[in-house]
Amino acid sequence: MTEPGPLFDIGLLLAFGMVAGLLAGRVGLPRVAGYVLAGIAFSPGLLGEALRLDVAAWSPPLTDAALGIIAYLVGGSITTGQLRRMGRLIVTTTLGESLGAVLLVGLTLSALLWSTGAESLSLALALASVAGTTAPAATVAVMHQYRADGPLTRTLLGVVALDDALGIIVFSLALVLLTGSSLLGAGERAALEIGGALVLGGVGGWLLARFGHLLREDSLRLPVVLAALLLTLGLASAVGASALLATLTLGFAARHFQRSGGERLFAPLEAMEEAVFLIFFTVAGSHFQPGVFAAHPELVAGYVLARLAGKTGGAALGARLGGAPPVVTRWIGFGLAPQAGVAVGLALTLAERPGLGEAGDIVVNVILASVLVNEVIGPLAASLALRRAGEAGGAPQREE
Amino acid sequence: MRTADWLRDHPRDPLLVPHDAPTAEAAARLLEDGHRDLFVTDDEGAVCGHIGHLRIARLLLAEQRPRLSRRHLLERVAGGTAADLMERHFAQAGPDEALDGVIHRLLDHDQDELPILDDDQRPRGVIDLSAVLRTRLTEMTTGS
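Heads up: the protein sequence lines correspond to chains A and B, in order. Just so you know, we're using my numbering here: the first sequence kicks off at 3 and counts up by one. Just so you know, we're using my numbering here: the second sequence kicks off at 33 and counts up by one.
These aren't lab readings, by the way, just hints derived from the structure by calculation. Even for Gly, the Cβ is constructed at its ideal location relative to N, Cα and C. Treat the hints with caution; some may be incorrect.
Derived contacts from chain A toward chain B, CB cut-off under 10 Å, selection only [to be verified]:
| no. | residue |
| --- | --- |
| 1 | I80 |
| 2 | R86 |
| 3 | R87 |
| 4 | I92 |
| 5 | H146 |
| 6 | D151 |
| 7 | D166 |
| 8 | L168 |
| 9 | D363 |
Given only the sequences and the hints, what does the whole structure look like? Please build it.
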């Protein structure tokens, strides 16, 4: 029998990840913990070697495409009209909590690495660039569980829906700095990477909206969107533009030019989101290296605590600037602790950049560990916030 | 039979809402009239979009769902107009098309009503899927 190859590897990871996720749910653990454990089981140090799985060889294009899908959906979730209607409070709170987490994680980890003599500013910047993202699904699940409603709930919903867009923009800017050879070089690269991505995504989105409108058959919606997405990713990579920013802009522009609810261009890919996260977590799990993790426990602790402090402090400041009532200012940051799929996808992008070397592996392992911690404390913090704010409508409902 | 002939025998007006009507108003209109399809008009009165019953239900009952996409989250928080909810691509037909040649469009688009539109997209009426099914059932049972 010949070696089964990458398609077998992907199928195996998906199948075992899904089963492990379901089992984790049965015993009261977060589903992503099961995904990660399945990935760890197939890492090179464990079953991966015996089964001759070579995840690192095929995962970069798959994770790029998967992250492109998420960026496209994030871009397409927002319209300029919604931003205007949501008002100042949600925008200032999103800016505060997202940038607060990035700044505090960056400063804390820089100080931590400097104190241990590591002096790796790029590692601190890489970890900080991922810190702004949250996991809306976890927060929404808690709200649903408590049938929550009120000013805190509504502000929180707006913030968690918006902040991944800001997180992806911050990450794309940080990537320019991380891969630039000098500050001057970084400036030139930034113009090309960001400007090129905006033009590519904007033109692509316009074409997608126009072409999508001409399509008569519903069965062609998914192939057309996938083609636009992959072409944008490929072209961005070829011209040196930011692929993530290009797909984020593609989604935003397609929704803008289509001038509609977006079911036609976005619903087919929204149905794929769980599969995308399953890929992220199992692939990230296969990157798990106990040695790297054991060597940097202080980075995990520093990242989790600094991110939480940055989120709560930044959100409170942003909410106050936006004129929020005290109950929102006081508690909103606690609803923003969960972090999951988008952060892991961004960390994988860093790990697969050849220029980052060992720092890329450290980023994946630190983010993976912190995601697992946040998956446990995030829902607890969110439910505490909703209950203290008096917006938990009743006893928690058991989830299906 | 042409679609215009069907409308003559089975007249039914479409439920219309202006594109700038708030989503709550559009939802109330859809529920009051007992229709399952709402058609959105532009400033000139031409039909430019469609909102289905399920789309409205998903918006109004969003808090009942344990998982929401970011797009649906923002819809829930930001509200909006009928134009923000509608789909520009929907099943429709012209007055001179053959009925047998257009009914499949309803089935492909998960709509119950097929709007019959003039060249300038103004509505002449809608063909109700239930009425078509009743006619078909009668034909089958009487063998005509």
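Structure-based check of each hint:
1. For I80 of chain A, the interface hint holds, since its Cβ comes within 10 Å of a Cβ in chain B; the closest pair sits about 6 Å apart.
2. Look at R86 of chain A: its Cβ gets to within about 9 Å of chain B, closer than 10 Å, so that hint holds up.
3. Below 10 Å, beta-carbon pairs count as interface contacts, and R87 of chain A has one with chain B at about 5 Å; its hint therefore holds.
4. About 7 Å separates the beta-carbon of I92 of chain A from the nearest beta-carbon of chain B, less than 10 Å, and the hint is met.
5. Annotation: interface hint on H146 of chain A holds; nearest CB of chain B at approximately 5 Å, less than 10 Å.
6. Residue-level restraint check for D151 of chain A holds (minimum Cβ-Cβ distance to chain B is 7 Å; threshold 10 Å).
7. The criterion of a C-beta within 10 Å of any C-beta in chain B is met by D166 of chain A, whose closest approach is roughly 7 Å, and the hint holds.
8. At about 12 Å, the closest approach between the beta carbon of L168 of chain A and any beta carbon in chain B exceeds 10 Å, and the interface hint on this residue is violated.
9. Hint status for D363 of chain A relative to chain B: violated, with the closest Cβ pair at about 30 Å, above 10 Å.
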